[in-house]
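**Q** Chain by chain, the residues run as shown.
4 protein chains.
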Amino acid sequence: MLGWEDMINVGMIGYQFMGKAHSHAFKDVAMFFQPRLQPVMKVLCGRTEDRLREAAQLYGWEETETDWQRLVARDDLGLIDIAGPNWLHAPAAIAAAEAGKHILLEKPMATSVEDAERMVAAVERAGVVHMVGFNYRRVPAVGLAKRLINEGALGEVRHFRGTYLQDWLVSPDVPLVWKIRRETAGSGAHGDLNAHQIDLARWLVGEIESVVGMSETFIRERPLPDGSGSGPVDVDDATAFLARFRTGALGTFETTRLAPGRKNYNRFEINGSEGSLVFNFERMNELQFYSTQDPAHARGFRTILATESDHPYISHWWPPGHVIGYEQTFVNEIADLLDCIADGKPAWPDFHDGLANQRVLAAVERSVETGRWEQVSA
Amino acid sequence: MLGWEDMINVGMIGYQFMGKAHSHAFKDVAMFFQPRLQPVMKVLCGRTEDRLREAAQLYGWEETETDWQRLVARDDLGLIDIAGPNWLHAPAAIAAAEAGKHILLEKPMATSVEDAERMVAAVERAGVVHMVGFNYRRVPAVGLAKRLINEGALGEVRHFRGTYLQDWLVSPDVPLVWKIRRETAGSGAHGDLNAHQIDLARWLVGEIESVVGMSETFIRERPLPDGSGSGPVDVDDATAFLARFRTGALGTFETTRLAPGRKNYNRFEINGSEGSLVFNFERMNELQFYSTQDPAHARGFRTILATESDHPYISHWWPPGHVIGYEQTFVNEIADLLDCIADGKPAWPDFHDGLANQRVLAAVERSVETGRWEQVSA
Amino acid sequence: MLGWEDMINVGMIGYQFMGKAHSHAFKDVAMFFQPRLQPVMKVLCGRTEDRLREAAQLYGWEETETDWQRLVARDDLGLIDIAGPNWLHAPAAIAAAEAGKHILLEKPMATSVEDAERMVAAVERAGVVHMVGFNYRRVPAVGLAKRLINEGALGEVRHFRGTYLQDWLVSPDVPLVWKIRRETAGSGAHGDLNAHQIDLARWLVGEIESVVGMSETFIRERPLPDGSGSGPVDVDDATAFLARFRTGALGTFETTRLAPGRKNYNRFEINGSEGSLVFNFERMNELQFYSTQDPAHARGFRTILATESDHPYISHWWPPGHVIGYEQTFVNEIADLLDCIADGKPAWPDFHDGLANQRVLAAVERSVETGRWEQVSA
Amino acid sequence: MLGWEDMINVGMIGYQFMGKAHSHAFKDVAMFFQPRLQPVMKVLCGRTEDRLREAAQLYGWEETETDWQRLVARDDLGLIDIAGPNWLHAPAAIAAAEAGKHILLEKPMATSVEDAERMVAAVERAGVVHMVGFNYRRVPAVGLAKRLINEGALGEVRHFRGTYLQDWLVSPDVPLVWKIRRETAGSGAHGDLNAHQIDLARWLVGEIESVVGMSETFIRERPLPDGSGSGPVDVDDATAFLARFRTGALGTFETTRLAPGRKNYNRFEINGSEGSLVFNFERMNELQFYSTQDPAHARGFRTILATESDHPYISHWWPPGHVIGYEQTFVNEIADLLDCIADGKPAWPDFHDGLANQRVLAAVERSVETGRWEQVSA
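Protein chains in written order, with our numbering: chain S, 1 to 378; chain G, 379 to 756; chain P, 757 to 1134; chain R, 1135 to 1512.
Only chain S is shown next, with the shape it has when bound in the complex:
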């Protein structure tokens, strides 16, 4: 039997989309991964008490808490999972760090570079394990992309071509929820979706040096959620930018929430001197790979079904061809995090990655204002 030394009590802030995804991961992780530290779903934290209680019961949390400051102060918690709205990321993460808790933080890191810097300082001071929830790194096909690049299968990387397209804002009737208000979200598609692309680009290709971007809000007024009329939209529907990597590679990035038919089209293509890779989350179990090392008459993009036991994380799941889904990326992520905490090792991507990401986001925003290339501050 497991003893207490093998367990860690978790407190989580947020019970909506991300709260549900993380709850599921905490519930399932031990079954699939046997992490060296098992999570106990101790406290769920949110503001609206009745909905919070309902969520806690449904998802399997033992207790509830409506004050996040009380939550992070609790002695019995070892890990704080911050899955609430973006504006809360900085204060909650700093408080959690100061309370000596390990931290799992949803992306984007923060709503400003300054906040992100303070957050990094806080976790550094506290010496806790910290991770940012760029979950797409934990898609097996994406992990395979990383492996192939590391093996040299692409040679020298020259192009990163990222697009993250959705269509949930195509209708002007979608109300002004927190994700499309600057005050609560920091930015629109840019911070929400480009942040993911930037993370993948940094992981797979390297640091971005400079950027130039453009941004647009096509639908400038939307109904208020409470039905009391309408209000102006103050975040971007779409943001695109060009980038130069430190390695000399070129990057193009584009995100929009107004691309009919694109539901969660998180796609990248990478071209190197010896091969290419293509990934699209809507077919998340597949990675396309082209190699100039194949015989001349038999070259082509291979559609690798990344469900073999040779592929990252898959040995914990099902036999080949029994594809996995979105939610499994969080199980993979939390399994890794728990092992890091157990071993006292740094998690990845961590707050440093979150800060570097935030700096790219900010440089793009500066560029949108100045109309010229901007350096990504170091």
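No wet-lab data here; the hints were simulated from the structure. Treat the hints with care, since some could be wrong.
A few chain G residues that face chain S, going by a derived Cβ cut-off under 7 Å, partial list only [said to hold, decoys possible]:
{"hint": "1", "residue": "698"}
{"hint": "2", "residue": "699"}
{"hint": "3", "residue": "700"}
{"hint": "4", "residue": "703"}
{"hint": "5", "residue": "704"}
Some chain S residues well away from chain P (every beta-carbon gap over 10 Å; in silico) [stated by the list, open to error]:
{"hint": "6", "residue": "5"}
{"hint": "7", "residue": "47"}
{"hint": "8", "residue": "51"}
{"hint": "9", "residue": "54"}
{"hint": "10", "residue": "57"}
{"hint": "11", "residue": "62"}
{"hint": "12", "residue": "99"}
{"hint": "13", "residue": "117"}
{"hint": "14", "residue": "184"}
{"hint": "15", "residue": "221"}
{"hint": "16", "residue": "248"}
{"hint": "17", "residue": "274"}
{"hint": "18", "residue": "316"}
{"hint": "19", "residue": "362"}
{"hint": "20", "residue": "375"}
{"hint": "21", "residue": "378"}
C-beta: ideal position from N, C-alpha, C; glycine also.
Use these hints to put chains G, P and R onto chain S, whose structure you have.
**A** Just chains G, P and R now, kept in the frame of chain S:
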């Protein structure tokens, strides 16, 4: 809080591939579905005690039991889930029915029509709820196919074209595990994979009237699992058959476990007088649909990403484009089963479907022997 | 400059679909291939004089002839191209052979095995070059498939899975044209489309030993082309069959003209012990190839764009990625034929292939009547 | 029979890739289109006499000419086709216009905006018909895209996302041919490939107002074609830019010749308020279309096989599903041009389009130098 009247204790036989998939479903179903009856993972049953205990702890079962007959006799269980090898299906299901338990049974129903008939008689006599685990009916894209057919989007169906291809037996080094021994599995690819295709065909098109088939074992000797030399393979690697449906539609079916690159390629295409549908499990979140009702210049197979809240089961999962995986089909299945038990209504597909399926399987096997068309017995 | 010794006068029977395709090929072949013998488009033959003259002018034939018997008797012709309706194939080919002409014959070979046998005997006696127009062998991607199989890339072939689906008869308003009348066409989809599949299967896998089939006519009455009411359809809309190859491989074949959305979906999949191939004419420039020899973590179906100079015929066409179309298959075919005539070598596929094909077609038809497996006569 | 009044003598400059493609089109156009004016392949012009003669004989030109100035001065020619290297476009087009000839000019228009302006002035003064060979407008699937946009199927267009990727320069061994020297080509991938994308964007979405771009030459030295050592590469391997259309739509463009596996991947995606379109030349017979007007449960990207008689140009070619190839785009183009000349109507795209295109190319190049957004001069 839930009271005992809202709960049902489950005993499950088997802890391997299907045992893991079902365990996960019992664990997660309440979180995603709020079924009217909640499962308690009470007893896991298997023969090898140490591996059984390990599985029970990992998957979250409260107790273990090494004798399936003792299991089905326990008073505190309401639902018996039979996820063990095929030879056990008949005795366990009949005993469970006689003990008044509701039953979830993995496919194929049995290893003979006679057994399947006795199983139907037993559940009929007992008046319990019974379901057979043809889980592919619970893929949202497949449910959408059913809806489109019911809506008349295909007009009169004329062709069902089913292939279920895998490649895990391509290597002659794969040992003689229970799935490729007649004694334990009944048949090879035929009962394992054609059974799924037959179920989908019956559900989507209707009853099969007559069949003619062929069968082959390409690799006729394989190593014994215990390393003590090798033994003959007495089941089929591949079985294909032609079929006529009662409606007049034509069917072609083919399965093999020796198709390199096909991992779980459970694919069907249906052509009707007004449209066509294509599904392939390896892209389980997609359904292709062609309609002659579209404008002449804008007709084409639509790739419907079946992840909208309009699609079956999806409202319980994630936002559009956040695709689900194989394991979710079992959660969907068990959610439906629990509601049927709660409501005292028949589940689907049930033992009658399992028996009808078995009759098609058997008619194909007769045809392989006689070399001619065989009627599917009524 | 070319002398007369480098030229061959051609007489062609038929000016409709195939007549147009062949005319184009004769017109273009010298430009792209520099064959050792250049065709002169001498005489076009057909029954309806005004339409014939119009076609001849449009396509670039020097003269016209309304009597095919006079055509084949002309002294100045070296090659007779028979692209008229199926019933004409036997008499025209036999007469042409007896007149000592080389022959290009559209598929299917004939409307009966007996006719096909007489045709083979005639060309053998005459010692002329003979070719049957199974043009899909001349698709570069299909030629690449042949090359990969010859190189052993698939190992031992175990499965051939052919489907040839169209939808032009879905509407009951399509009239009773010659292609859907037994008297003029011999059979329906079977002789028209299965003949192509059988040819590819024989070429790529080997001889077919025995078959069992089914056939259906879904729309049993259609308008007469002249508007004078309607008449019964006496050919098949759809025919499917199972096959055993002499090598031990299994084959499944299916054709229909009632599959909405499938326009010219001539698709095959081949599975061997070490790899698989997939081709679909609607994406005729692509071949999919899976190899078990790739590293375990990087296996997948490669989509080979068969437009490289390494691929069959392509060096005569365009740079990589500048895809070719249907009509080019005929140019490739006629280029090969002209070289064979110039060199006095047998062409391929020839009348022996046509006869072997006809025997498979006939065996399937016998099986449809007897309801059992039938041997393909040798 | 056709009289001389129905014919037009053509003189063409260039006999390499484009020369071959245009020759084929002149040869075949009458057969497929019956244009109101039939081309006579009169004179082929090039500098290297022996290769020129060989090409003329192969392609079917009656005469040859090694001096383009003499060519354009010939009285018997009605149409000059300029398919030689880019540096020749301006002088040849201006001379041809001054000689009163109609002009077909390969893209890009010129190597500078100034040249393009002089060319427009020349054809305007001369009153001749002029066309620029942006042949991708004549792909049936692209014409269908235009039709759908015109019909309002996309609503208000918000995004144009163009990529044109090739890989023929991946190897550093490819020599410094004219296409990668500034003196002869003007620019690299930018003028060659972005020019096509810009043309499609202008046609389908509208005029581009401002741009910001980046450009890179990854392989900076290549062997000289004559084997005498190596030389510096002074054109771009890759150029990407962001764009704002006058309509308010956003555009992203990227081209590279160093994307392994991309052979002629000329792809665009357009998102509007009511639908989306995707095209990729490597599957040139297909257009993907998504409509928000489809029923909520049956929406998806339709793969329209643009081979129906309802689709542009297809009635001149083959039955549905019998796909066409690259070369047919030139036949379509020249058929349209000949009808315009016959009818005395303007052709499209014309020199005004070529000039507008050149201005976008130039603005991007300015932006690469200044590092900021540049207006496209009017």
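**Q** A separate judgement is required for each hint: does it hold in the structure or not?
**A** Consistency of the hints with the structure:
no.	hint	verdict
1	698	4 Å, holds
2	699	3 Å, holds
3	700	4 Å, holds
4	703	3 Å, holds
5	704	4 Å, holds
6	5	36 Å, holds
7	47	46 Å, holds
8	51	44 Å, holds
9	54	44 Å, holds
10	57	42 Å, holds
11	62	41 Å, holds
12	99	42 Å, holds
13	117	39 Å, holds
14	184	42 Å, holds
15	221	42 Å, holds
16	248	26 Å, holds
17	274	13 Å, holds
18	316	16 Å, holds
19	362	37 Å, holds
20	375	37 Å, holds
21	378	35 Å, holds
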